[in-house]
Amino acid sequence: MTTESFPGSAARQRSGAVYDSGDRSEAARAWDDLREGALRWRLWSRLGWHDIRKRYRRSVLGPFWLTLSMAVMVGSLGLIYGTLFRLDLEGYLPFLAVGLATWTLIASFLNEGCISFIELEPLIKNVRIPMSVHILRALWRNLIIYGHNIVIFAVVALVFGIWPGAAGLLAVAGLALLLVNAGWIMLLLGMICTRFRDVPPIIGSVIQLLFFVTPVMWKPELLGDRRYLMVLNPFYHLLEVIRAPLLGHVPGWESWVAGLLFAAAGWVFTFACFARFRKRIAYWL
Amino acid sequence: MASIRLNDVSVDFVLYQGSARSLKKTLLRTSTSGALKHDAHHRITVKALSNLNLTLEHGDRIGLVGGNGAGKTTLLRVLAGVYEPTAGRIRVEGSVTPLFDLGLGLDMDASGYDNIRMRAAYFGIDGDEIESKMDDIAAFTELGDYLDLPVRTYSAGMTLRLAFAAATAVDPEILLMDEWIAVSDTQFLEKAQRRAEGFVNRSSIMVVASHVDEVLKRLCNKALWLERGTVVRIGPVDEVLAAYHKHNAGSEPAPRDGDE
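Protein chains in written order, with my numbering: chain W, 280 to 564; chain D, -15 to 244.
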């Protein structure tokens, strides 16, 4: 079949007005899904904001409840663990403030990746929207929440007079690297968890484990000679490329390389799965 | 001009959950007519549509008829692009507006206006385009200042009006409807019908699944009779309905309510 042109109707047709289940390879269609999803930023940014508003609509402080609870968490954990680890608060509190906020972001990527398709079943079964829109919506939503949580670091940094300097700009690149990784993780988890409904609880336990083995609360230096244990934890590197610049250090090259490799390998695998199973997602729901 | 072409389209559902054995029993006991079989991995699959060939052109108003489990909903979802065929090919030209669920995406805590915007955004209408239609939609709902309040505060009838207005705000090229929207509010009925029919008339192609003959006769010029995922007959609406009822009268009364 060839693509006929219908003059006159072109003006009425909206983006993606031709839908053909068999004109291209599955890989090309998976790629289109990702591309179209990115192009529909107006939709997912609106939905992301909507999710936030929905969650906090009837509260006085709105999403600043998050800021408040993060403040309490950083304050109390900072005092307790700072004492336990015999660290001075001036160094430990900023470290903890970035670490906890960023870890919360990573954990919700993992958590919400699992339910990104399941919770939108009515939508997915009623309207054809690129699957990537649902992922980008969750990504955007959590980025907004991160924006509220990182305020605590800004306050702590002001109090202790910390200025990251030029190195701080690297945090933007670090965040971008985290988001690129979050994209494939959420897409992959979304597919797996939609197909196998007993996976989300497993992921829940894994997140808990990761929290303890990743240096969020404790400093990697505490491992002493066994620092190599960190090298294999990709989440340590993803945390480090954001945390180190904000604290005024340049992250080690190995963290960048590990983050990039993780992204490349993850996207290759996820894309292969996505090309293969994209059209099954609606059936699994 | 919109067009829809189905080429040898089949849809197989794999049943994952539950004990296969008891599920199989359950399915065989009920009136489901989709064909059950085991696939290569010994999973139970239901063939919801098998080798469907269909071409719909501008001006076609198709009514889908058939018993429960005949594949009407599945066919509509295939046309909407929600279910991609497991075999065969579908090509749709023109933007599709699926109206399967009036309450889709209705957020009880958001205002009426926000809900209208959300609904439109799902169908790719954003920004100025929806704002320019907002007055018309608002006037139709007759909700006035209530549109600024959360939908939670609405009565059932008001919610229905809002959902209906939001759903019919965007002019469709290809309109798909599952079960003619049962509008029960009598005061609202006539107005809704006028709007709905105007909405239907502006579409290039319309496909509706319904068990109500009057609806099919009023809205459609063709009917498609599905049974076990295959086309039994397609043709002028009166002919197909007559044949369908004759067939049902011969065996058992057709189920008049509920859906698969």
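Hint data in this document are derived by calculation from the structure and do not stem from the laboratory. Among the hints, a few may not be true.
[Stated by the list, open to error] Simulated pairs of lysine-lysine, DSS-like, Cα-Cα distance not exceeding 25 Å:
no.: 1; chain 1: W; residue 1: LYS558; chain 2: D; residue 2: LYS31
no.: 2; chain 1: D; residue 1: LYS201; chain 2: D; residue 2: LYS230
no.: 3; chain 1: D; residue 1: LYS230; chain 2: D; residue 2: LYS206
no.: 4; chain 1: W; residue 1: LYS404; chain 2: D; residue 2: LYS31
no.: 5; chain 1: W; residue 1: LYS498; chain 2: W; residue 2: LYS404
no.: 6; chain 1: W; residue 1: LYS558; chain 2: W; residue 2: LYS498
Evaluation of the provided hints:
| no. | hint | verdict |
| --- | --- | --- |
| 1 | W:LYS558 with D:LYS31 | holds, 17 Å |
| 2 | D:LYS201 with D:LYS230 | holds, 17 Å |
| 3 | D:LYS230 with D:LYS206 | holds, 18 Å |
| 4 | W:LYS404 with D:LYS31 | holds, 18 Å |
| 5 | W:LYS498 with W:LYS404 | violated, 46 Å |
| 6 | W:LYS558 with W:LYS498 | violated, 44 Å |
In the structure shown, a violation is registered for the earlier hints numbered 5, 6, in ascending order.
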